[in-house]
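**Student:** Protein sequences, first through last, are from chains S and P. All residue numbers for the first sequence refer to the UniProt record's numbering, where the first residue is 1 and numbers rise by one. All residue numbers for the second sequence refer to the UniProt record's numbering, where the first residue is 1 and numbers rise by one.
Treat the hints as calculated values from the structure; they're not laboratory data. Where hints are given, some of them may not hold.
If chains are identical, the list can't say which one is meant, so a pair holds when it fits in one copy or spans any two.
[Unchecked claim] For lysine to aspartate or glutamate, the following EDC-like pairs were computed, each having C-alpha atoms within a straight-line distance of at most 20 Å: (1) 69 x 103; (2) 69 x 88; (3) 247 x 273; (4) 69 x 49; (5) 18 x 193; (6) 10 x 103; (7) 247 x 24; (8) 11 x 124; (9) 221 x 194; (10) 10 x 273; (11) 154 x 215.
The chain contents come next:
2 protein chains.
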Amino acid sequence: MIMFKGDMIKKREQAIVKVWSAIEEHGGQTLLSTGITGDDARLAKAVVESGVKLLEPNHPALALARGHKGVTTMHDAENIRHEIDIHEMAKVVRGVRNTIGRDPYITVGIPGGFTEVIPVELTDKDFMLMSHSGADGLHTHKSNFEDLEELVEKAHKYGLTVDAYIGHPDDLHTFGIPARTPEEVAQVAKRMEEIGVDMIGLMTGMSYEGVGAGEIPSIIKERLHALVSSVKVPTLAEGGINIENSKAFRETGVHILVVGTAIDDMVKTAAQEAVSHFINQKTKEALSK
Amino acid sequence: MIMFKGDMIKKREQAIVKVWSAIEEHGGQTLLSTGITGDDARLAKAVVESGVKLLEPNHPALALARGHKGVTTMHDAENIRHEIDIHEMAKVVRGVRNTIGRDPYITVGIPGGFTEVIPVELTDKDFMLMSHSGADGLHTHKSNFEDLEELVEKAHKYGLTVDAYIGHPDDLHTFGIPARTPEEVAQVAKRMEEIGVDMIGLMTGMSYEGVGAGEIPSIIKERLHALVSSVKVPTLAEGGINIENSKAFRETGVHILVVGTAIDDMVKTAAQEAVSHFINQKTKEALSK
């Protein structure tokens with residue numbers, strides 16, 4: 001059986017061109033929109049119409065979307081996210097792709113692609129499925145190099161890019177390869193680049209205590225600078241990014257902001273505001289008399 | 001094989017108690033929230049936390065949510081909505097139920113439950129499935145009495161309420177049993193009540209041309225009055241309801257406003273506004289210099 005290598009390199013190259021074009025078009029930094037805007041075709045289309053070029057459906061967000069086992073927070077989803085079937089993820093990607101067209105870049109979180117401390121197998125067919133469903137890449141959170149290398153090899157075989165992340169050894173929730181100091185961040189990033197990771201991110205959802213409104217801790221700035229200055233591939237920041245601190249994140253020079261919860265929260269508030277127009281009104285009127 | 005009748009009557013009674021309680025709590029009129037707030041567990045939970053008591057997941061909205069065949073409007077979904085599998089609908093209902101708890105009333109649009117001009121079969125197992133998934137009732141749009149009677153009989157067998165709708169013979173999109181005059185509306189409503197329909201709605205999404213902002217055509221008011229005054233069951237208005245005209249609808253005395261598109265549009269706008277905070281900023285700054 002032949003699996004054509006050159007074609008799959010070309011597929012990945014086209015995907016990375018999409019990413020660099022988005023970064024350039026948005027003046028040096030763009031958004032990877034995730035959460036409800038990544039997995040609901042109605043909202044994916046809406047944000048793409050507003051200029052979003054990068055989307056990320058993922059399995060924990062889908063667990064929330066589907067009310068799987070009643071989970072309502074990303075943290076609770078951590079224990080059951082692997083139960084979201086890869087065919088379900090493929091269906092979501094296909095649906096989003098159907099409505100947004102070929103151009104936007106889609107990277108997907110799949111069961112097995114994060115650090116899942118429960119056995120999850122990924123077959124060649126699974127990578128083929130994601131690739132055929134319309135995914136450009138896989139959004140991953142492996143926390144050691146052996147697992148990441150295996151994943152990169154299979155993803156590349158089927159023309160999928162890999163964005164991988166750097167965490168901190170003290171993280172309560174493991175979402176990347178640990179690096180304690182800015183120097184270690186640079187080392188890990190360089191090694192990731194060597195093994196072929198197509199985009200490298202830093203987990204930034206640490207404690208923001210003691211930091212002024214709109215600011216981010218200097219340690220996060222230092223770690224982001226270490227990342228950005230050590231590799232040539234597009235870089236990402238994920239975790240804790242919101243409207244208030246987005247300017248501070250922008251100034252670090254990181255290429256892509258991964259935002260899910262902050263957008264989801266604004267969308268939920270809008271839904272609550274919307275329904276309020278259609279209920280309780282007589283009660284309010286009665287009270288005002 | 002026994003299918004217990006008394007228990008299923010009790011189940012329906014409990015469902016209708018939920019509906020009347022919501023109407024009372026909201027001062028005589030409540031909201032049946034549909035569209036994205038009916039089928040996405042994240043937003044269903046959000047609106048329930050804001051006081052919504054009645055939700056409606058349905059198959060055309062799910063076709064949009066899933067990007068099925070790339071459709072992006074409810075009208076386009078009309079041709080393919082029957083392809084949404086009933087097991088998919090059951091999964092959605094179970095997920096929404098998981099996150100909102102037992103109390104809110106859920107009525108569900110299922111393939112076959114609307115006027116589908118393509119053969120769609122519904123088996124006893126399908127009704128059982130919807131009932132077990134956590135649905136209180138079925139939101140239906142049959143357009144003749146024979147079909148409606150068959151549906152009511154099976155739904156009641158499995159303890160599901162039925163909300164059915166009255167349309168107009170000139171409707172471009174068929175969403176109910178036709179009634180040309182207010183007198184016919186009253187006649188159709190009474191016959192629906194006789195055959196056991198648990199809640200009766202009027203399609204109100206006609207042309208609003210020539211009507212002042214916030215107003216609704218007098219013919220719609222007359223038709224709603226005819227409906228409300230002719231039956232004892234809860235009444236609904238569906239179609240064309242938005243923030244501006246909700247007060248005019250409220251004054252007709254109809255018990256329930258079915259709102260989907262208006263809420264979806266506000267949610268989409270919020271998503272667009274949310275992402276705008278994270279893109280284009282450098283460009284904007286550059287332009288302002």
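**Student:** Now, for every hint given, state plainly whether the structure supports it.
**Tutor:** Hint by hint, here is what the structure shows:
1. Within a single copy, residue 69 and residue 103 get their C-alpha atoms only as close as 34 Å, which misses the 20 Å cut-off; across copies the closest is 17 Å, which meets it.
2. For the identical chains of this complex, residue 69 and residue 88 are neighbours both inside a copy (16 Å) and across copies (16 Å), given an alpha-carbon limit of 20 Å.
3. Taking CA atoms no more than 20 Å apart as the test, residue 247 paired with residue 273 passes between copies only; the shortest distance there is 16 Å, against 27 Å inside one copy.
4. Proximity of residue 69 to residue 49 under the C-alpha cut-off of 20 Å is restricted to the inter-copy arrangement: shortest distance 19 Å between copies versus 33 Å within a copy.
5. For a Cα distance limit of 20 Å, the shortest separation of residue 18 from residue 193 inside one copy, 19 Å, qualifies, whereas the shortest one across copies, 58 Å, does not.
6. For the identical chains of this complex, residue 10 and residue 103 are intra-copy neighbours only, at 15 Å inside a copy versus 53 Å across copies, given an alpha-carbon limit of 20 Å.
7. In this assembly of identical chains, residue 247 and residue 24 lie within 20 Å of each other by CA distance solely inside one copy; the values are 17 Å within and 48 Å between copies.
8. Taking CA atoms no more than 20 Å apart as the test, residue 11 paired with residue 124 passes inside one copy only; the shortest distance there is 17 Å, against 48 Å between copies.
9. Neither within a single protomer nor between protomers do residue 221 and residue 194 lie at most 20 Å apart by alpha-carbon distance, with minima of 24 Å and 70 Å respectively.
10. With identical chains, the CA atoms of residue 10 and residue 273 are never at most 20 Å apart, being 46 Å at best within one copy and 35 Å at best between copies.
11. Taking CA atoms no more than 20 Å apart as the test, residue 154 paired with residue 215 passes in neither setting, with 39 Å inside one copy and 60 Å between copies.
When each numbered hint is compared with the structure, violations occur for hints 9, 10, 11.
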